[in-house]
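Colleague: Let the hints inform the model, and build the full structure from the sequences given.
Here the protein sequences come in this chain order: S and R. First residue of the first sequence: 1, per the working numbering; consecutive thereafter. First residue of the second sequence: 1001, per the working numbering; consecutive thereafter.
In short, the hints are calculated from the structure, not lab data. In this text, a Cβ means the ideal position worked out from N, Cα and C, and glycines have one as well. Take these hints with a grain of salt, some might be off.
[Claimed, not checked] Not the full set, but computed from the structure, chain R residues with beta-carbon under 10 angstroms of chain S:
(1) Leu1074
(2) Trp1079
(3) Leu1189
(4) Asp1190
(5) Ala1194
(6) Asp1195
(7) Ile1225
(8) Tyr1227
(9) Val1230
(10) His1236
(11) Asp1270
Protein chains: 2
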Amino acid sequence: MIKTPYLLFLGDAPDQLSAKVAQGIYDWRPENAVGQFRLPSCGHDLGIADMTLAEGQAAGAKTLVIGVANRGGLISQAWKEVLIEALNMGYDLASGLHNLLEDEVDLVAAAAANGAALHDVRIASEDYPIASGKKRTGKRVLAIGTDCSAGKMYTALALDKSMQAKGMKSTFRATGQTGILITGSGVPLDAVVADFMAGAVEQLTPDNDADHWDIIEGQGSLFHISYSGVTLALVHGGQPDALIICHEPTRTHMRGLPDYQLPSMQQLIDTALPLARFGNPECQVVGISVNTQHMSEDEAVAYLAKVEAEFGLPTVDPFRHGAERLADALAEL
Amino acid sequence: MIKTPYLLFLGDAPDQLSAKVAQGIYDWRPENAVGQFRLPSCGHDLGIADMTLAEGQAAGAKTLVIGVANRGGLISQAWKEVLIEALNMGYDLASGLHNLLEDEVDLVAAAAANGAALHDVRIASEDYPIASGKKRTGKRVLAIGTDCSAGKMYTALALDKSMQAKGMKSTFRATGQTGILITGSGVPLDAVVADFMAGAVEQLTPDNDADHWDIIEGQGSLFHISYSGVTLALVHGGQPDALIICHEPTRTHMRGLPDYQLPSMQQLIDTALPLARFGNPECQVVGISVNTQHMSEDEAVAYLAKVEAEFGLPTVDPFRHGAERLADALAEL
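Modeller: Structure follows, in structure tokens:
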């Protein structure tokens, strides 16, 4: 668990894309962010108060979160001064960079001297159990994609927001670096040792109230050659009651795999549902989430209507139109 | 790579079951075993020459392999004297125990002093790449099971033996601890970090002659809640041209999962083949391997005939009748 709220460190982020972790935290958990800390050369503004480390601390911040990705995922010397000062003031640090905080001797020393925690969310810091497959109480929904990076995290977070707005009981369960930083906890599933993947997902989504929904962030795709094993561990460890299909219709090939075409949504359903029903015979596909960012509004609306007619399932782009209809579908289950 | 040949350390193994790693090495790679080393209290005999450490070394042994599993996978003090003496004489050590050689300070010190290697095949000692999905030359066959421990390793090793006997080009590719100790190399797939599972399988089964077969040891089952992700990484990383279905018909539930019935062989085929064909459109199910150890010879023969008629595929128990018909099926592809 990473202590919240955060002060968001944007460093020298040149643009919004490089600050997408900070942006994600602010978009989805504004209550977790008291302000932003920017170096003079920073070219992006989250639209939240600029604060010094002292001001952030006065506003209650417990952790300085590195909300920026630079080339190569490195921790630059320009950042070091600020990070060490923060540790000396009593902040914890959290990061999703490839370059680990715990590999930087000066940061490790400063953290030790101050009793501060260094959270590298890219590595698995816990021991997880082997999955037991035991039926758990409460309900679970999992976003699964025809490809990686098809909008699964966005869909899950938007669904959580819509369910909360409707007064439903729900918890977003992060399984990747950005999701973990947004919410302060979760499992970095792609960094877990193979034997324990499904067990980590079980532990992440424990027994709960009968009317409570865990909204499990998906990873990879059952058809993505590089990461499909991670996805299947989510399907089996998560024992979902509901699946939401995520699709990006303009892709010309699987992400990172130029020789592979995307599977169709029907192919994904035909493959995923029997596997999911082995773990939970009640599992159903309840809706479709389409990432239409590369379509015009007219194209998007037409495409969503076509898919909805074809599959007979609520089909939305949660970024354009919200996830209310997906929340409704879960409420009806 | 573990240096061969081995001297097989049976320690104080009370029976054949506890010495099954040593037995597996001797059964499948007798040329890798110059002899056995037994403590006075050992209750099993491989039927190979008893040797002292000096005699083993004179016979060419390079590595002392711990071929015994004791309760809890521990390295007992009774073994330590022998292991340290072996290191001092210039042997490497190899082990698949949970209790790692590299966690024993006296062994680590003796190895360092003698320039000897400690091989813990239960941990992944290499960095593996992310899978690329690129089509590789040569052919690959993967054993997949309706459950864990259904005879996949045995089937793969028997198939390798039959193919070698027929003069076909084949290599058994180990993906588990016992297989790695038997052959001296492989990938301990269940110990690999999630993101790199499929990449490790790609690396294990590289480009090869057009008429060469990699026989990939299977792990887990696509329907085993705890380990299915490992299995899917084999299906996608291995890009198999051929699948062999492995089944143990007397199981009353999935191994370690008392609440789960086994899937049918047809269910497994229906699920595995579309996933495998995504990675290799030519993939076919070529045969069925049944573990009939809990059936009489008559029951076994009748069951094999029934399955063969039902699926129209060569169906054998390689332990009872050899794997020649599976090798024939691959030769015909």
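Colleague: Give a verdict on every hint.
Modeller: Comparing the hints with the structure gives:
| no. | hint | in the structure |
| --- | --- | --- |
| 1 | Leu1074 | 19 angstroms, violated |
| 2 | Trp1079 | 26 angstroms, violated |
| 3 | Leu1189 | 6 angstroms, holds |
| 4 | Asp1190 | 4 angstroms, holds |
| 5 | Ala1194 | 5 angstroms, holds |
| 6 | Asp1195 | 4 angstroms, holds |
| 7 | Ile1225 | 4 angstroms, holds |
| 8 | Tyr1227 | 7 angstroms, holds |
| 9 | Val1230 | 5 angstroms, holds |
| 10 | His1236 | 5 angstroms, holds |
| 11 | Asp1270 | 7 angstroms, holds |
When the structure is compared with the earlier hints, violations turn up for hints 1 and 2 and for no others.
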